[in-house]
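Keeping the supplied structure of chain A fixed, place chain B upon it in accordance with the hints.
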Amino acid sequence: MLLEVKCYATLATFQPKENEFHLGPRPMLRDLVAFLGIPENEIKITFANGVIVGPEYELQEGDRIGLFPAVGGG
Amino acid sequence: MACFRLLEGAEAMPDPFAQRYIRNGSTLSDADQNRLAATRICQLGLGGLGGTLLEMVARMGFSRKGQGWIKAADGDVFEASNLNRQLFSLESNIGRPKAEAALERIQAVNSEVDLTARQAVISPAEMPGFIQEADIILDALGDLPTKLALRQAAADAGIPVISAAVAGWTGFITTQLPTDPDTGIFQGVLGHSPIADGSPTQGAEVPLGTLAPCVWLIASLQCREAVALACGRAPLFHGCLHIVDLTDASWERILLPVLIT
Numbered sequence: 001m002l003l004e005v006k007c008y009a010t011l012a013t014f015q016p017k018e019n020e021f022h023l024g025p026r027p028m029l030r031d032l033v034a035f036l037g038i039p040e041n042e043i044k045i046t047f048a049n050g051v052i053v054g055p056e057y058e059l060q061e062g063d064r065i066g067l068f069p070a071v072g073g074g
Numbered sequence: 001m002a003c004f005r006l007l008e009g010a011e012a013m014p015d016p017f018a019q020r021y022i023r024n025g026s027t028l029s030d031a032d033q034n035r036l037a038a039t040r041i042c043q044l045g046l047g048g049l050g051g052t053l054l055e056m057v058a059r060m061g062f063s064r065k066g067q068g069w070i071k072a073a074d075g076d077v078f079e080a081s082n083l084n085r086q087l088f089s090l091e092s093n094i095g096r097p098k099a100e101a102a103l104e105r106i107q108a109v110n111s112e113v114d115l116t117a118r119q120a121v122i123s124p125a126e127m128p129g130f131i132q133e134a135d136i137i138l139d140a141l142g143d144l145p146t147k148l149a150l151r152q153a154a155a156d157a158g159i160p161v162i163s164a165a166v167a168g169w170t171g172f173i174t175t176q177l178p179t180d181p182d183t184g185i186f187q188g189v190l191g192h193s194p195i196a197d198g199s200p201t202q203g204a205e206v207p208l209g210t211l212a213p214c215v216w217l218i219a220s221l222q223c224r225e226a227v228a229l230a231c232g233r234a235p236l237f238h239g240c241l242h243i244v245d246l247t248d249a250s251w252e253r254i255l256l257p258v259l260i261t
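These protein sequence lines map, in sequence, to chains A and B. Everything in the first sequence is counted per this note's numbering, starting at 1 for the first residue and increasing by one. Everything in the second sequence is counted per this note's numbering, starting at 1 for the first residue and increasing by one.
Treat each hint with caution, since some may be false.
Said to hold, decoys possible - FRET-style restraints, in silico, Cβ to Cβ:
#, chain 1, residue 1, chain 2, residue 2, range
1, B, 255, A, 34, 22 to 28 angstroms
2, B, 257, A, 62, 16 to 22 angstroms
3, A, 23, B, 206, 29 to 35 angstroms
4, A, 60, B, 118, 48 to 54 angstroms
5, B, 234, A, 62, 28 to 34 angstroms
6, A, 26, B, 247, 28 to 34 angstroms
Calculated from the structure, these hints are not laboratory results. Cβ coordinates follow ideal geometry from the N, Cα and C atoms, glycine included.
Pulled out of the complex, with its shape left as it was, chain A reads as follows (with noise of 0.2 angstroms):
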C-alpha cells in the first residue's frame, strides 16, 4: 500500500524512508502506528487527507497521513 506519512516533531526520529507499507488487509491507521513503532501515547493528533482522524480509521491506497505530538511551547 502506498502512504505518504509525515511524523512531526519528536516524532521525526520514526519517519519512515519509504512509501510503501505492507500492513496486511484493511488496515486500520492503528496497525500504520505499530508498524512505524511509536508509542501510541507519543501520539496526539492524527490526520489524513487534512482531516483529523482516529485510530480507527481505514487506510486507503495513497492517502496522506499526518502524525503529531503533544505541542505546548510559546
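Just chain B, lined up with the frame of chain A:
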C-alpha cells in the same frame, strides 16, 4: 493633510506620529484602522509568542487609549534561556518581570496603546474575571493545561480565542469561536492521545526547544487572525488547525471534524 493636537497652554503642534499607520496602506481601510483602535484584547503570556505578538499588535494600531484596551498577564521573570527568542528579553533585564518589560517596551513603541500588564499567573478560577469584556483573547500561554482552562473560560464568556504553540521548527494555530459546538476540541486534539489514553506526556518543546523563527512566524499568524476578527472578517484559522513545519516548509490545514457542517 496635516494633523494637529492641542497641547495644554501651547499653540497647536503637529503630531510627530501622524504618519504612524500610513504604511498599513490601503490593506487596512480607515474604518478597519478604527476598528483595531477600538478593540479590547486580553493576552495571556508575554514570553516567546506573547512578546512578538504584543509588539505586533501595538504596531498595527490596536487598542488606542480612550477607545480600546489590552490587558496582558505573565507571572514570570526573564531568564537567560529566554534570550534566544523572547523579544522583550535583554541581557540587561534578566530577573525582571516580563509584564514590566512589556509595558516599558510598548510604551516606547506606541504610547497610544492602552496597555495594562500584570505580573501574575491567572489561575483557572481568575480567568472569567480577567477576560471579562474582551473582544478577542490571545493565547500565548506555554503550557497545555492552562490553555485548556483559558479556552473553556473563553467559550463560557462568548469570546473568541486565538491559540498557538511551538516545538522546534513546528508550530500550530487554531481559532475557537463562541459558536463552536464543542469546546473540548483542543483537549481532544492535544490533551489526550486519540490512540491510547495513556498518562500525560511532556510537550515536544521540552526536548526540541523553541526557536525564534518558528515562534515569531506563529505569533505573526496570531496577529493576522486578530486583525481579521477585529475588522469583522472571516477568521483564517477557525474550524481547522494549521500546522506549519519549518523543517521542510510544509503547511498543513487540518479540518476539525466536529466543526465540519
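Against the structure, the hints come out as follows:
1. Roughly 26 angstroms separates the CB atoms of residue 255/B and residue 34/A, a value that falls within the hinted 22 to 28 angstroms.
2. The hinted window of 16 to 22 angstroms between residue 257/B and residue 62/A holds, with their beta carbons roughly 20 angstroms apart.
3. Checking the proposed 29 to 35 angstroms range against residue 23/A and residue 206/B shows it holds: the Cβ atoms sit about 32 angstroms from each other.
4. Take residue 60/A and residue 118/B: their Cβ atoms lie about 51 angstroms apart, and the range 48 to 54 angstroms holds.
5. In this structure the hint that residue 234/B and residue 62/A lie 28 to 34 angstroms apart at CB holds, the actual value being about 31 angstroms.
6. Residue 26/A and residue 247/B have their C-beta atoms about 32 angstroms apart, which keeps the hinted 28 to 34 angstroms range intact.
Checked against the numbered hints above, the structure violates none of them.
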